[in-house]
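**Q** Using the sequences and the hints, build the whole thing.
One-letter residues, chain by chain:
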Amino acid sequence: MNQSDFLKVVLPFKDKVFRLAKRLLVSTEEAEDATQELLFKLWRSKEKIADYKNVEAFAMTMTKNYCYDRLKSKQASNLTLIHSNYKEKDTSLDKKMEYQDSVNQVHQLIEKLPEQQKIIIQLRDIEEYDFEEICKMVDMKPTAVRVALSRARKTIREELIKKHNYGVS
Amino acid sequence: MELANIEKLVEKYLNAATTLQEETTLKNYFTEGSVAPHLQEYAYMFNYFATAKDETYTKTIQLEPKKSKTRNFKWLSVAASVMLLFSVFIGKQEYERHQAKKQFEQISKGLRLLSSNLKKGQKAVTSLYTYEDTVKKILK
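Sequence lines, in order, name chains H and L.
So the first sequence is numbered by the numbering used here: it starts at -1 and just counts up by one.
So the second sequence is numbered by the numbering used here: it starts at 23 and just counts up by one.
Mixed in with the good hints there might be a few duds.
Claimed, not checked - Below are the SDA-like pairs computed for lysine to any residue, each with C-alpha atoms no more than 20 Å apart in a straight line:
1. 134(H) x 41(L)
2. 34(L) x 140(H)
3. 116(H) x 96(L)
4. 96(L) x 108(L)
5. 39(H) x 82(L)
6. 116(H) x 78(L)
7. 34(L) x 115(H)
As the list claims (entries may be wrong) - Ranges of calculated distance between the beta carbons of each label pair, as one might list FRET restraints:
8. 3(H) x 108(L): 47 to 53 Å
9. 108(L) x 1(H): 41 to 47 Å
10. 111(L) x 59(H): 16 to 22 Å
11. 84(L) x 46(H): 18 to 24 Å
12. 53(L) x 1(H): 35 to 41 Å
13. 59(H) x 108(L): 50 to 56 Å
14. 48(H) x 113(L): 53 to 59 Å
15. 145(H) x 53(L): 22 to 28 Å
16. 1(H) x 116(L): 51 to 57 Å
Hints are computed from structural coordinates only; laboratory data are not their basis.
Glycine is no exception: its CB is placed at the ideal position from the N, C-alpha and C atoms.
**A** Below, the structure is given as C-alpha cells:
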C-alpha cells in the first residue's frame, strides 16, 4: 500500500475522526493533533489495514481510545480542558440571533453529557452511523447503545426546554 | 409530512428506536423551517447536528513526521559519547604532562641542591690546597 492508496482509504473519514476527537477533547488544536497522530498511527500499521474490512470503524475505535487516553493524562496532570475557542460556523446570517444561540446551546449541552453518551450521540446523530457499526466502534451491546442514546437525547431535549422556559418567565 | 406522523417519529426518536431513514426524515422536517411551536427544541437539535457535520479537518496530513527527530537524538548521543571520550583522552594527557612537569621540577631541585653542596666541598678542598702550598713555601 503506497501513500496515495492510503490517502484514498483515509480521506473519506478523516473529518469524522476530527469531529469525534473534537467532541471529546473540546479544543480544536487538541483535536487536530489527535487526528494527525491517529492518521500517522494508521499509516504505520498500513500493512494490517489492508486486511481489515472496515477501516473506518477501526479508525473510529482508535480515535475513541486515543482520546480517552489523552483525557486521562490531562486529568492526571491536573489540566482541565476549558472550552474557550469554540466557534460555530454560521449557517446563514438571516437567521435570528436567538435562534442561533439556541442551536449553539445544544453544543454546550452535549459537552455536559457523560463521555460515553457524547460519543454515541456524535456517532449517531451527527455522523449517522447505523447501530451495528456503533456497537463495534464503542464495543457495547446494541441495547446498551440504545439506552445511552435515548438518555442523551432526552437530556438534551429537557435541558433545552428548561432553558427556554427560563427565558420566557 | 403531516404533524401527527412527525410526533410519532419524535417519540420513537427519543427512545432511540428510529432507523437512520426515519431520522433523515426528521432532520429534513426540522431543518426546513416552519416547525410546530411545541416541537421547537428539536429544530435546535437537528440544526445543530447538521451544522456540526460541516466541520472539517483542514490541516494537511503528514505521514512521515517525527522520524527525523528521533534520528537527530540518536546522532546527538553518538556525538556526545565521542566528545566525552575525546575529552577524557585529552584530560588524561594533560594530567600526565602536569605530573611529569612536577616530577621534573622536584628532580631538578634535588640536583641543584646536590650541586651547590658539591661546590661547597670543592671550595673547602681548594682552600686546603692553598693552605698546603703556603705551608710548603714557608718550609722552604
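**Q** Against each hint, give a clear statement of whether it holds in the structure.
**A** Hints, verified against the model:
1. 134(H) x 41(L): holds (17 Å)
2. 34(L) x 140(H): holds (16 Å)
3. 116(H) x 96(L): Violated, at roughly 42 Å.
4. 96(L) x 108(L): holds (19 Å)
5. 39(H) x 82(L): Satisfied, since the Cα-Cα distance of roughly 15 Å is no more than 20 Å.
6. 116(H) x 78(L): holds (19 Å)
7. 34(L) x 115(H): holds (18 Å)
8. 3(H) x 108(L): 47 to 53 Å: Roughly 48 Å apart at Cβ, these two residues keep to the hinted range, so it holds.
9. 108(L) x 1(H): 41 to 47 Å: Holds: the Cβ-Cβ distance is about 42 Å, inside 41 to 47 Å.
10. 111(L) x 59(H): 16 to 22 Å: Since residue 111(L) and residue 59(H) have Cβ atoms about 55 Å apart, the given range 16 to 22 Å is violated.
11. 84(L) x 46(H): 18 to 24 Å: The hinted range 18 to 24 Å holds for residue 84(L) and residue 46(H), with Cβ atoms some 20 Å apart.
12. 53(L) x 1(H): 35 to 41 Å: Because 38 Å falls inside the window, the suggested range holds.
13. 59(H) x 108(L): 50 to 56 Å: The hint (50 to 56 Å, Cβ to Cβ) holds, given that residue 59(H) and residue 108(L) are roughly 51 Å apart.
14. 48(H) x 113(L): 53 to 59 Å: holds (56 Å)
15. 145(H) x 53(L): 22 to 28 Å: holds (27 Å)
16. 1(H) x 116(L): 51 to 57 Å: holds (55 Å)
Hint violations for this structure: numbers 3, 10, all remaining hints satisfied.
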